[in-house]
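Peer 1: I would like the entire structure built from these sequences, with the hints used as guidance.
In our numbering, the protein residues as written are 1197 to 1448.
Just so you know, the hints here were simulated from the structure itself, not pulled from any lab data. In this text the structure is predicted, and so the values were computed from the model without any measurement. Worth double-checking, as some hints may not be accurate.
[Said to hold, decoys possible] Computed beta-carbon distance windows for the label pairs:
| # | residue 1 | residue 2 | range |
| --- | --- | --- | --- |
| 1 | K1320 | T1418 | 12 to 22 Å |
| 2 | P1323 | G1266 | 20 to 30 Å |
| 3 | N1364 | D1249 | 38 to 48 Å |
| 4 | K1241 | N1375 | 31 to 41 Å |
| 5 | K1246 | K1320 | 30 to 40 Å |
| 6 | K1366 | K1264 | 39 to 49 Å |
[To be verified] Simulated crosslink set (BS3-like; lysine-lysine; CA at most 27 Å straight-line):
| # | residue 1 | residue 2 |
| --- | --- | --- |
| 7 | K1421 | K1384 |
| 8 | K1299 | K1396 |
| 9 | K1358 | K1401 |
| 10 | K1251 | K1241 |
| 11 | K1437 | K1401 |
| 12 | K1366 | K1246 |
| 13 | K1446 | K1421 |
| 14 | K1446 | K1251 |
| 15 | K1239 | K1264 |
| 16 | K1299 | K1241 |
| 17 | K1446 | K1384 |
| 18 | K1396 | K1421 |
| 19 | K1320 | K1278 |
| 20 | K1401 | K1380 |
| 21 | K1251 | K1264 |
| 22 | K1384 | K1437 |
| 23 | K1246 | K1299 |
| 24 | K1299 | K1384 |
| 25 | K1307 | K1278 |
| 26 | K1320 | K1251 |
| 27 | K1366 | K1401 |
| 28 | K1446 | K1299 |
| 29 | K1358 | K1278 |
For each residue, glycine too, the CB sits at the ideal point set by N, CA and C.
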Amino acid sequence: MTKKTLSNFFQTGIALAFPILLNVGCGNSGDNAAANTDSSSLKDKDGFVKIFDGKSFAGWEGDTSVWKVGDGSFIGVVDSTKHLQHNTFLIYRAAQPADFEFKAEYRISDKGNSGVQYRSEEVKDLPLALKGYQADIDGENQYTGQNYEERGRGFLAMRGQKVTLEPNVKPVITDSVGNSDSLKTHIKNNDWNEVYIIAKGNHLKHYINGILMSETTDNDTTARKFSGWIGLQAHVLPYMKVEYRNIRLKQE
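Peer 2: Structure follows, in structure tokens:
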């Protein structure tokens, strides 16, 4: 997520310049991913299909000065050798899911900031930038589990909140799914965790390690989205590292 204070609750981050990018996953990669996702024999017992083969960018597009593949994981690194001008995403190009369930394991550095973007659209004139819903992830676990809208309405549902969104008003907290600090104890530091997203209609749920962290019902008929790109975020920071593996998708 783009860092904002709560006073900037609904402001949108604006990128200032273009990075030099080397993109992979376009062209034949979509065909490769389609081959991976079309076969029902690849579904697990719960109906999920692996959308990352663990060894290549097939079906994905990203900045390979930031992202690489190693040890069965996508690895995103931002450091002094790669100064980002805006948040960049590794984008799944084989589909723009509508109703779906998504699971992935992640590991992130202490000061890292990342997230799983979904039902998102590309930002005009900014390569590999997305706007839309995000299942937020950060190394300090201040934001992990919340629903944040990248380049849009900002904070939608904080960890522990069940929220309804209406046009032109602040999110309405309708219930609690747990105390934020208590929920945080279920998130492991410097270790692998599982992020799980359920998106059905205008109802969005974020889980970490099987625990519901936030729940959003989006009644804003102007701003809400019902389909779009999935992407993995590398955030503008002096240094961060994030890894994703065992990435699975179940579409309705």
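Peer 1: A separate judgement is required for each hint: does it hold in the structure or not?
Peer 2: Now for the hints, and whether the structure bears them out:
Checked against the hint of 12 to 22 Å, the pair K1320 and T1418 passes, with Cβ atoms roughly 18 Å apart. For the hinted restraint 20 to 30 Å between P1323 and G1266, the CB-CB distance of approximately 24 Å keeps it satisfied. With their beta carbons about 44 Å apart, N1364 and D1249 fall inside the hinted range of 38 to 48 Å. Checking the proposed 31 to 41 Å range against K1241 and N1375 shows it holds: the Cβ atoms sit about 34 Å from each other.
The hinted range of 30 to 40 Å is satisfied by K1246 and K1320, whose Cβ atoms lie roughly 32 Å apart. For K1366 paired with K1264, a C-beta distance near 40 Å keeps the hint of 39 to 49 Å intact. At roughly 31 Å between alpha-carbon atoms, K1421 and K1384 are farther apart than 27 Å, so this suggested pair is violated. Of the pairs offered as hints, the one joining K1299 and K1396 holds, with about 15 Å between alpha carbons and a cut-off of 27 Å not exceeded.
For the given pair, K1358 sits about 9 Å from K1401 by alpha-carbon distance, which is consistent with the 27 Å threshold. For the hint pairing K1251 with K1241, the CA-to-CA distance comes to about 23 Å; that is within 27 Å, so the pair holds. For the proposed pair K1437 and K1401, the alpha carbon gap of about 25 Å is at most 27 Å, so the pair holds. For the proposed pair K1366 and K1246, the alpha carbon gap of about 37 Å is over 27 Å, so the pair is violated.
This hinted pair checks out: K1446 and K1421 have alpha carbons roughly 18 Å apart, not beyond 27 Å. For the hint pairing K1446 with K1251, the CA-to-CA distance comes to about 21 Å; that is within 27 Å, so the pair holds. This hinted pair checks out: K1239 and K1264 have alpha carbons roughly 26 Å apart, not beyond 27 Å. Distance restraint check for K1299 and K1241: the Cα-Cα separation of roughly 14 Å lies within the 27 Å cut-off, and the hinted pair is therefore satisfied.
With a C-alpha separation of about 25 Å, the suggested pair K1446 and K1384 falls inside the 27 Å cut-off, and the hint holds. Between the alpha carbons of K1396 and K1421 the distance comes to roughly 11 Å, so the proposed pair stays at or under 27 Å and holds. A C-alpha spacing of about 22 Å is found between K1320 and K1278, which places the hinted pair at or below 27 Å, so the restraint holds. With a CA separation close to 16 Å, the supplied pair K1401 and K1380 stays within the 27 Å bound.
With a C-alpha separation of about 10 Å, the suggested pair K1251 and K1264 falls inside the 27 Å cut-off, and the hint holds. A C-alpha spacing of about 16 Å is found between K1384 and K1437, which places the hinted pair at or below 27 Å, so the restraint holds. About 9 Å separates the Cα atoms of K1246 and K1299, which keeps this hinted pair within 27 Å; it holds. As the CA atoms of K1299 and K1384 are separated by approximately 17 Å, the hinted pair is consistent with the 27 Å bound.
Between the alpha carbons of K1307 and K1278 the distance comes to roughly 16 Å, so the proposed pair stays at or under 27 Å and holds. Under the criterion of a C-alpha separation no larger than 27 Å, the hint pairing K1320 with K1251 is inconsistent with the structure, at around 30 Å. A C-alpha spacing of about 19 Å is found between K1366 and K1401, which places the hinted pair at or below 27 Å, so the restraint holds. With a C-alpha separation of about 9 Å, the suggested pairing of K1446 with K1299 holds against the 27 Å cut-off.
For the proposed pair K1358 and K1278, the alpha carbon gap of about 38 Å is over 27 Å, so the pair is violated.
Hint compliance for this structure: hints 7, 12, 26, 29 are broken, all remaining hints hold.
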